[in-house]
Amino acid sequence: MWELIRANKRKSILLFIFMGGILILLGYVIGEAYLPGKGGYNGVFIALIIWVIWSMISYFKGSSILLSLSRAKEVTHNIHPQLFNVVSEMKIAANLPAMPKIYIINEEAPNAFATGRKPEKSAIAVTAGLLNCLNRNELQGVIAHEMSHILNRDIVYMTFAGVMLGTVVMISEIFLRGLWYSGGSAARYRSKRSNRDGGGAMVIIAIVLAILAPILTRLFYFAISRKREYLADATATRLTRYPEGLASALEKISSSNIKFSTANNITAPMYIVNPLKKTERSLTGLFSTHPPIKERIKILRNMSHGVNYNNYQSAFRMVTGKGIIPTSGLKDSKNIPVKKPSKDTSAKLSVKEKKREFGDLIRAVNGFVFLTCVCGLKIKLPPNFKKPEISCPRCKRTIQMPLAKIAAVASAVSAGEAIKETPTLEPQKYIRKGKMWETITCSCGNHIQISPSFMGSKASCNKCGRIIKIL
Amino acid sequence: MSMFNVVVENYPDLKANQNFLSLQEELTTTENKISFSRQGYNDQVLFFNNKIQMFPSNIIAGMFHFKEEEFFEIEDVKEKEVPKVKFS
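For the protein sequence lines, the chains are A and B, in the order given. Each residue of the first sequence is one higher than the one before, starting from 1 at the first, in the numbering used here. Each residue of the second sequence is one higher than the one before, starting from 1 at the first, in the numbering used here.
No lab work stands behind these hints, which were simulated from the structure alone. Treat the hints with care, as some may be off.
[What the hints assert, rightly or not] Keeping only pairs whose Cα atoms sit at most 25 Å apart, straight-line, the calculated DSS-like set for lysine-lysine is: (1) 339(A) x 33(B); (2) 340(A) x 86(B); (3) 343(A) x 78(B); (4) 101(A) x 118(A); (5) 340(A) x 84(B); (6) 78(B) x 339(A); (7) 339(A) x 80(B); (8) 121(A) x 78(B); (9) 51(B) x 11(A); (10) 322(A) x 11(A); (11) 9(A) x 51(B); (12) 67(B) x 339(A); (13) 355(A) x 259(A); (14) 33(B) x 118(A); (15) 354(A) x 252(A); (16) 322(A) x 227(A); (17) 86(B) x 348(A); (18) 78(B) x 340(A); (19) 298(A) x 322(A); (20) 429(A) x 378(A); (21) 294(A) x 339(A); (22) 339(A) x 298(A); (23) 227(A) x 294(A); (24) 33(B) x 343(A); (25) 343(A) x 80(B).
This is chain A alone, in the form it adopts within the complex (with noise of 0.2 Å):
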């Protein structure tokens, strides 16, 4: 894994030598189309700051800008212990030095991405639907796919190429709609000040690469991003050792139809399996963001005899006629076998109980609180909730609120921070008198009663959540 982020490195490097080429190239050639002589210099200009500045908003805001934008929100261990203890895993196993944030989108299509200047602030989101249709070792291919994407530094370099197709993209628009509105107004306006010649030509030249520009970045773009694609499925398997996880979660992801709404079509590089799927078909071409999932899903079930980088080569050069993954990378030559699977500690759960679920857990990240009833009715709680007691709808018990536990996780959700597990109170302690039925008092006030057949050793107070030992 090592080796290929050092390959990757210097391959970088060549892009940016490249679509800083053409940048420059567009700045100068725009710049002297108005200004002939003295121009081109300008345009560079302009062009390098708008670029640095925008480089800078997506180095240092990126991040949380992609989060919101899909409306992402932070979770800790208590909401989804699986998805905590998978990432955690996955991170011992890549040697990360940081854990990396776990954020749950509020959408059911299975998705995910990874974002995060450098590894150690870094962040994972997932979707709530993919955590619903995927058993435990599917979501460990996919965390793995998007801890390689952090551990192969791909998410600062696509970051930055993407910035740069942006504002190569943007001063081409510019330039070709001042001309269009202003009626060739730069042509005009050089004409009357100069009369060298070669100026005419230039307002082509500029014309043409406006219009080209764009295009050569774009494809440029696509073919990296692609590549990272495959590179992170590599990186992946090597990590769990077990190629059939990511390859049968990508089937379920794809074979998918329901809608993705957040997803736009700035965000969709950074998912996993593009989010703006509309036919398989037109997805194959040079225009798109990531590679047929059915060649990478190919790919991954033809790495039965081991899961280095070696395997991966050959499987895909079995699958597509090419390599892959660049010579440095290759020189791991220790045969890593495919790890047996482990257990599968999802609920088996029917396709009702699923839905439920996926409600539930939609709830939870949003700031809701749950409640069980004594006759065994969950009972949940928006985060706005104000009644201090409310009648259990089934049993028609009085059944006290948490309502300083509802305002806590209310007012981590709105400031977009993860919910803490409730704050321990001190614990209390009672010295039980006979075998009857008794009445104690918590510190905040509430009475709780205990039954002649309590047996426990605790009874935790359902209005504050203070545990009180029964002695």
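Position chain B relative to chain A; hints supplied.
The following block gives chain B in isolation, referenced to the frame of chain A:
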């Protein structure tokens, strides 16, 4: 390698129970974390050893007498035994 064998014959209902599922999840993740730590360590050792052998880094490694590291492997047979989690 399955490290924890969970025995639940006496309680057939237990397998579907929510608490049991979360216990199972914790056992699985503990097992995975152990095996991924070994794997991560061995991956690093492999990378390091490759670096020592290969040009141009082998020149520096030779100059400063870097030695190849050993992989982590369990030699004691007893340590390889699977811990049992029993409900009876």
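Right, here's what the structure says about each hint:
For the given pair, residue 339(A) sits about 14 Å from residue 33(B) by alpha-carbon distance, which is consistent with the 25 Å threshold. Annotation: proposed proximity of residue 340(A) to residue 86(B) holds, straight-line Cα distance about 23 Å (limit 25 Å). Taking the CA atoms of residue 343(A) and residue 78(B), the gap is about 23 Å. The hint holds against a cut of 25 Å. For the proposed pair residue 101(A) and residue 118(A), the alpha carbon gap of about 12 Å is at most 25 Å, so the pair holds.
The hinted pair formed by residue 340(A) and residue 84(B) meets the criterion: a straight-line CA distance of about 19 Å does not exceed 25 Å. Taking the CA atoms of residue 78(B) and residue 339(A), the gap is about 22 Å. The hint holds against a cut of 25 Å. Between residue 339(A) and residue 80(B) the alpha-carbon distance is near 17 Å, which keeps this suggested pair within the 25 Å criterion. The suggested pairing of residue 121(A) with residue 78(B) is violated, with an alpha-carbon distance near 41 Å, which exceeds 25 Å.
For the hint pairing residue 51(B) with residue 11(A), the CA-to-CA distance comes to about 20 Å; that is within 25 Å, so the pair holds. Between residue 322(A) and residue 11(A), the direct Cα distance comes to roughly 18 Å. Compliance with the 25 Å bound is thereby established for this hinted pair. About 18 Å separates the Cα atoms of residue 9(A) and residue 51(B), which keeps this hinted pair within 25 Å; it holds. For the proposed pair residue 67(B) and residue 339(A), the alpha carbon gap of about 30 Å is over 25 Å, so the pair is violated.
Our distance criterion of 25 Å between C-alpha atoms is met by residue 355(A) and residue 259(A), whose separation comes to about 16 Å. Our distance criterion of 25 Å between C-alpha atoms is met by residue 33(B) and residue 118(A), whose separation comes to about 23 Å. Under the criterion of a C-alpha separation no larger than 25 Å, the hint pairing residue 354(A) with residue 252(A) is consistent with the structure, at around 15 Å. Our distance criterion of 25 Å between C-alpha atoms is met by residue 322(A) and residue 227(A), whose separation comes to about 12 Å.
The straight-line distance between the Cα atoms of residue 86(B) and residue 348(A) is roughly 22 Å, inside the 25 Å bound, and the hint therefore holds. Simply put, residue 78(B) and residue 340(A) have alpha-carbon atoms about 22 Å apart, close enough for the 25 Å limit, and the pair holds. A threshold of 25 Å between alpha carbons decides the hint, and for residue 298(A) with residue 322(A) the separation of about 14 Å falls inside it, so the pair holds. Proposed proximity of residue 429(A) and residue 378(A) is contradicted: the alpha carbons are some 28 Å apart, above 25 Å.
Of the pairs offered as hints, the one joining residue 294(A) and residue 339(A) holds, with about 23 Å between alpha carbons and a cut-off of 25 Å not exceeded. Taken as a hint, the residue 339(A) and residue 298(A) pair is honoured in the structure, with Cα atoms around 19 Å apart against an allowance of 25 Å. Only pairs whose Cα atoms come within 25 Å are accepted, and residue 227(A) paired with residue 294(A) is accepted, the gap being roughly 15 Å. This hinted pair checks out: residue 33(B) and residue 343(A) have alpha carbons roughly 14 Å apart, not beyond 25 Å.
Between residue 343(A) and residue 80(B), the direct Cα distance comes to roughly 19 Å. Compliance with the 25 Å bound is thereby established for this hinted pair.
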